[in-house]
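> Sequence:
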Amino acid sequence: MREADFFLEESEALDRAITGGDLAHDATTLFKEWTVDQILRHLHMWNEAATLSLQDPEGFMAMLQEALPKMATTGLRSYEDERYGDLSGECLRETWIAGARATADAFRNADPEARLPWVGPPMSAQSSISARLMETWAHGQAVFDALGRDRQDEDRIYPIAELGVRTFGWTYSVRGEERPGVKPHVRLTAPSGEVWTFNDEQADERIEGPATAFCQVVTQTRNIADVPLEVTGSAAKDWMSKAQCFAGAPETPPPPGLRRKAERAA
1 MREADFFLEE SEALDRAITG GDLAHDATTL FKEWTVDQIL RHLHMWNEAA TLSLQDPEGF
61 MAMLQEALPK MATTGLRSYE DERYGDLSGE CLRETWIAGA RATADAFRNA DPEARLPWVG
121 PPMSAQSSIS ARLMETWAHG QAVFDALGRD RQDEDRIYPI AELGVRTFGW TYSVRGEERP
181 GVKPHVRLTA PSGEVWTFND EQADERIEGP ATAFCQVVTQ TRNIADVPLE VTGSAAKDWM
241 SKAQCFAGAP ETPPPPGLRR KAERAA
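Quick note on numbering: the sequence shown equals residues 1 to 266 in full-length UniProt numbering.
Do not rely on the hints blindly, as some may be mistaken.
Claimed, not checked - Straight-line Cα separation of at most 30 angstroms, DSSO-like style, residue types lysine-lysine; simulated pairs:
| hint | residue 1 | residue 2 |
| --- | --- | --- |
| 1 | 261 | 237 |
| 2 | 237 | 183 |
| 3 | 242 | 261 |
| 4 | 237 | 70 |
Just so you know, the hints here were simulated from the structure itself, not pulled from any lab data.
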């Protein structure tokens, strides 16, 4: 699956940013005050979980039975810190990137339609590795922001944009709200300049602009007010005000101006 290669390329890009930057592993980012180490622990745990769900579904379910009660008691971040607390700094980074490579290898030749168990409903192998790509890209944004760097995206973000469009209904169902009757037309300019379109063409409900900006909104790494997207129509505006392409409980997007690139001395 090409998504496995996209996931690996995004992981390698984040690894290069960390190793080539001057950001301490215990530095706090603007993502809920998580440190770089906590971001890597989070990515590593769920990369491992995705690989386990593919290769050993029963082992994955056993892991969940152990993890979910603890996460419910102490919270996700505390559980991840406890589980991987002996890993930090360079040792953690090396473990995470090695694990990411193993995850990519496992999914590369997997059946895209294979149904895999997960925390929520089962998903296809293709959706599973696409979710790992999305998580890596989204959490990587906090690292690039802390470094004061603009990330140079590539067209491998297409599955993230596609996931963002496909989770239009999820944005509402996870909140117990009724989904608008119309799906806004989405027209995005890819990093390469290619144009990606989703949903039926219509003039009164549409979203247009850079694919990177759309991906930032649906992953909640930016508020809609902070990106150059042109949003037309009440349904489109409502969606972009709370878009959520990831699983779990409903999350509120960051306030305008909160998630941003750090200003660092030259």
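> Looking at the structure, which of the earlier hints fail to hold?
Structure breaks hint 4 only.
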